[in-house]
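Number of protein chains: 2
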Amino acid sequence: MSDQQVLIIQMILDSWNQQISKTANLINSLTDEQLMQGVAPGRNRGIYLFGHLIAVHDRMLPLLNLSEQLYPELNGPFLDKPDRAVATIPTVATLRAQWKTVHAALAIHFESMRPEGWLLKHNAVSEEAFAKEPHRNRLNVILNRTNHLSYHYGQLAFLKK
Amino acid sequence: MSDQQVLIIQMILDSWNQQISKTANLINSLTDEQLMQGVAPGRNRGIYLFGHLIAVHDRMLPLLNLSEQLYPELNGPFLDKPDRAVATIPTVATLRAQWKTVHAALAIHFESMRPEGWLLKHNAVSEEAFAKEPHRNRLNVILNRTNHLSYHYGQLAFLKK
Numbered sequence: 001m002s003d004q005q006v007l008i009i010q011m012i013l014d015s016w017n018q019q020i021s022k023t024a025n026l027i028n029s030l031t032d033e034q035l036m037q038g039v040a041p042g043r044n045r046g047i048y049l050f051g052h053l054i055a056v057h058d059r060m061l062p063l064l065n066l067s068e069q070l071y072p073e074l075n076g077p078f079l080d081k082p083d084r085a086v087a088t089i090p091t092v093a094t095l096r097a098q099w100k101t102v103h104a105a106l107a108i109h110f111e112s113m114r115p116e117g118w119l120l121k122h123n124a125v126s127e128e129a130f131a132k133e134p135h136r137n138r139l140n141v142i143l144n145r146t147n148h149l150s151y152h153y154g155q156l157a158f159l160k161k
Numbered sequence: 001m002s003d004q005q006v007l008i009i010q011m012i013l014d015s016w017n018q019q020i021s022k023t024a025n026l027i028n029s030l031t032d033e034q035l036m037q038g039v040a041p042g043r044n045r046g047i048y049l050f051g052h053l054i055a056v057h058d059r060m061l062p063l064l065n066l067s068e069q070l071y072p073e074l075n076g077p078f079l080d081k082p083d084r085a086v087a088t089i090p091t092v093a094t095l096r097a098q099w100k101t102v103h104a105a106l107a108i109h110f111e112s113m114r115p116e117g118w119l120l121k122h123n124a125v126s127e128e129a130f131a132k133e134p135h136r137n138r139l140n141v142i143l144n145r146t147n148h149l150s151y152h153y154g155q156l157a158f159l160k161k
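Protein sequence lines, in the order shown, are assigned to chains A and B. In this text, residue positions in the first sequence follow my numbering: the first is 1, and each later residue adds one. In this text, residue positions in the second sequence follow my numbering: the first is 1, and each later residue adds one.
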């Protein structure tokens, strides 16, 4: 693999890391009470978007063939159901800890991935489909999830005074 | 340049094109009246975010060394100044036309760019800095602008009923 190719892969990972870092800084600047508010009238609460991002990122572990999902109990309240549909959800304090654990796990796996590994298929595409559509690789998951993160980060920013 | 490298570059361009397409669909689904509303109480109006994205993307033309900026008159009301600070701004109808023109121009230039061209420096970095920081290339502008677009797309989505 060429130096240029390694550079481009690193650019994509840096873009992901940058958005994760910005979102973490925002979340850290918000109180638990602020995160219990809707980001706009009639819209998702901060805690829902926060839990949603953790669940989506946690599921990247199996999707990228790195490990089992760490917190499958988040799927119900933050992926399968809309905000306010599940009566009992984790506290903001619990989610703050889970955010750190999930992103630390992803970072360790990402740092140990060989550049070639990023071009392997992810686990939601069949061998047959991947043979025809080689862009459905692990690196594309990072691109897609970075956009998804940026989308909700823009919404969470409305919790700032 | 390897097939793999061309594939990765295309994935980044596809990611940009996908977010542009999603945002265009959203804007097309909103009335002029909806775009004159704030996306949330006390936040930017839809027209401001729309003009802001057009101005930022228009400036990619000189930044990527493709052409002059097409609508420098957007910089004042949508980049230099906050929303509602400039009394007379273009109409939504004018912005809808300018959005199309800017993205058509970018698409034509992007399609004719050789893959190697994406790794050249952009115009906001010096030769000296670029020699030490080769990630400050044109492709990185696409990554950054796609995240910026996704951020505001998430906010514009609040204009939907």
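Treat the hints with caution; some may be incorrect.
[What the hints assert, rightly or not] Derived coverage of chain B by chain A (criterion: at least 3 residues anywhere in the stretch with Cβ under 8 Å from a Cβ of chain A; other residues may be distant):
1) 51-62
2) 96-107
3) 140-148
[Claimed, not checked] Derived lysine-lysine pairs resembling DSS-like cross-links, with alpha carbons at most 27 Å apart:
4) A:Lys132 <-> A:Lys22
5) B:Lys161 <-> A:Lys160
6) A:Lys22 <-> B:Lys121
7) A:Lys161 <-> B:Lys81
8) B:Lys161 <-> B:Lys22
9) B:Lys132 <-> B:Lys121
10) B:Lys81 <-> A:Lys160
11) A:Lys132 <-> A:Lys161
12) A:Lys121 <-> A:Lys160
13) A:Lys22 <-> A:Lys161
14) A:Lys121 <-> A:Lys132
15) A:Lys100 <-> A:Lys160
16) A:Lys81 <-> B:Lys132
17) B:Lys160 <-> B:Lys81
18) A:Lys100 <-> A:Lys22
19) A:Lys160 <-> B:Lys160
20) B:Lys22 <-> B:Lys160
21) B:Lys160 <-> A:Lys81
22) B:Lys161 <-> A:Lys161
23) A:Lys132 <-> A:Lys81
24) A:Lys22 <-> B:Lys22
25) B:Lys160 <-> A:Lys161
26) A:Lys81 <-> B:Lys121
27) B:Lys161 <-> B:Lys100
28) B:Lys160 <-> B:Lys132
29) A:Lys22 <-> B:Lys100
30) A:Lys132 <-> B:Lys81
31) A:Lys121 <-> B:Lys121
32) B:Lys22 <-> B:Lys132
33) B:Lys22 <-> A:Lys132
These aren't lab readings, by the way, just hints derived from the structure by calculation. Glycine residues also receive a C-beta, built at the ideal position from the N, C-alpha and C atoms.
So, going through the hints one by one against the coordinates:
1. Residue count for the stretch 51-62 of chain B with a Cβ under 8 Å from a Cβ of chain A: 0. That is fewer than the three needed, and the coverage hint is violated.
2. Residues of the stretch 96-107 of chain B lying with their CB closer than 8 Å to a CB of chain A number 0, which falls below the three-residue condition for coverage.
3. With 6 residues having a Cβ less than 8 Å from any Cβ of chain A, the stretch 140-148 of chain B passes the three-residue criterion, so the hint holds.
4. Of the supplied pair hints, the one linking lysine 132 (chain A) and lysine 22 (chain A) is violated, its CA atoms being roughly 36 Å apart against a limit of 27 Å.
5. For the proposed pair lysine 161 (chain B) and lysine 160 (chain A), the alpha carbon gap of about 23 Å is at most 27 Å, so the pair holds.
6. Using a Cα cut-off of 27 Å, the hinted pair lysine 22 (chain A) and lysine 121 (chain B) holds, with the two alpha carbons roughly 25 Å apart.
7. A hinted pair counts as satisfied when its Cα atoms are at most 27 Å apart, and lysine 161 (chain A) with lysine 81 (chain B) qualifies at roughly 20 Å.
8. Taking the CA atoms of lysine 161 (chain B) and lysine 22 (chain B), the gap is about 17 Å. The hint holds against a cut of 27 Å.
9. Annotation: proposed proximity of lysine 132 (chain B) to lysine 121 (chain B) holds, straight-line Cα distance about 11 Å (limit 27 Å).
10. For the given pair, lysine 81 (chain B) sits about 20 Å from lysine 160 (chain A) by alpha-carbon distance, which is consistent with the 27 Å threshold.
11. A distance of roughly 49 Å separates the Cα atoms of lysine 132 (chain A) and lysine 161 (chain A); the hinted pair therefore is violated under the 27 Å criterion.
12. For the proposed pair lysine 121 (chain A) and lysine 160 (chain A), the alpha carbon gap of about 39 Å is over 27 Å, so the pair is violated.
13. In summary, the hint linking lysine 22 (chain A) to lysine 161 (chain A) is supported, as the alpha carbons are separated by about 17 Å, within the 27 Å threshold.
14. Distance check on the hinted pair: lysine 121 (chain A) and lysine 132 (chain A) sit about 11 Å apart at the alpha-carbon level, within 27 Å; holds.
15. Straight-line distance between C-alpha atoms of lysine 100 (chain A) and lysine 160 (chain A) comes to about 21 Å, which keeps the hinted pair within the 27 Å bound.
16. At roughly 48 Å between alpha-carbon atoms, lysine 81 (chain A) and lysine 132 (chain B) are farther apart than 27 Å, so this suggested pair is violated.
17. Our distance criterion of 27 Å between C-alpha atoms is met by lysine 160 (chain B) and lysine 81 (chain B), whose separation comes to about 26 Å.
18. Between lysine 100 (chain A) and lysine 22 (chain A) the alpha-carbon distance is near 14 Å, which keeps this suggested pair within the 27 Å criterion.
19. The hinted pair formed by lysine 160 (chain A) and lysine 160 (chain B) meets the criterion: a straight-line CA distance of about 22 Å does not exceed 27 Å.
20. For the proposed pair lysine 22 (chain B) and lysine 160 (chain B), the alpha carbon gap of about 13 Å is at most 27 Å, so the pair holds.
21. Distance check on the hinted pair: lysine 160 (chain B) and lysine 81 (chain A) sit about 20 Å apart at the alpha-carbon level, within 27 Å; holds.
22. The hinted pair formed by lysine 161 (chain B) and lysine 161 (chain A) meets the criterion: a straight-line CA distance of about 24 Å does not exceed 27 Å.
23. Restraint check for lysine 132 (chain A) and lysine 81 (chain A): not satisfied, since their Cα atoms lie roughly 34 Å apart, outside the 27 Å limit.
24. For the proposed pair lysine 22 (chain A) and lysine 22 (chain B), the alpha carbon gap of about 23 Å is at most 27 Å, so the pair holds.
25. A hinted pair counts as satisfied when its Cα atoms are at most 27 Å apart, and lysine 160 (chain B) with lysine 161 (chain A) qualifies at roughly 23 Å.
26. Our distance criterion of 27 Å between C-alpha atoms is broken by lysine 81 (chain A) and lysine 121 (chain B), whose separation comes to about 45 Å.
27. Straight-line distance between C-alpha atoms of lysine 161 (chain B) and lysine 100 (chain B) comes to about 24 Å, which keeps the hinted pair within the 27 Å bound.
28. Between lysine 160 (chain B) and lysine 132 (chain B) the alpha-carbon distance is near 45 Å, which puts this suggested pair outside the 27 Å criterion.
29. Restraint check: the Cα-Cα separation between lysine 22 (chain A) and lysine 100 (chain B) comes to about 31 Å, which exceeds 27 Å; the hinted pair is violated.
30. For the hint pairing lysine 132 (chain A) with lysine 81 (chain B), the CA-to-CA distance comes to about 48 Å; that exceeds 27 Å, so the pair is violated.
31. With a C-alpha separation of about 31 Å, the suggested pair lysine 121 (chain A) and lysine 121 (chain B) falls outside the 27 Å cut-off, and the hint is violated.
32. With a C-alpha separation of about 36 Å, the suggested pairing of lysine 22 (chain B) with lysine 132 (chain B) is violated against the 27 Å cut-off.
33. For the hint pairing lysine 22 (chain B) with lysine 132 (chain A), the CA-to-CA distance comes to about 25 Å; that is within 27 Å, so the pair holds.
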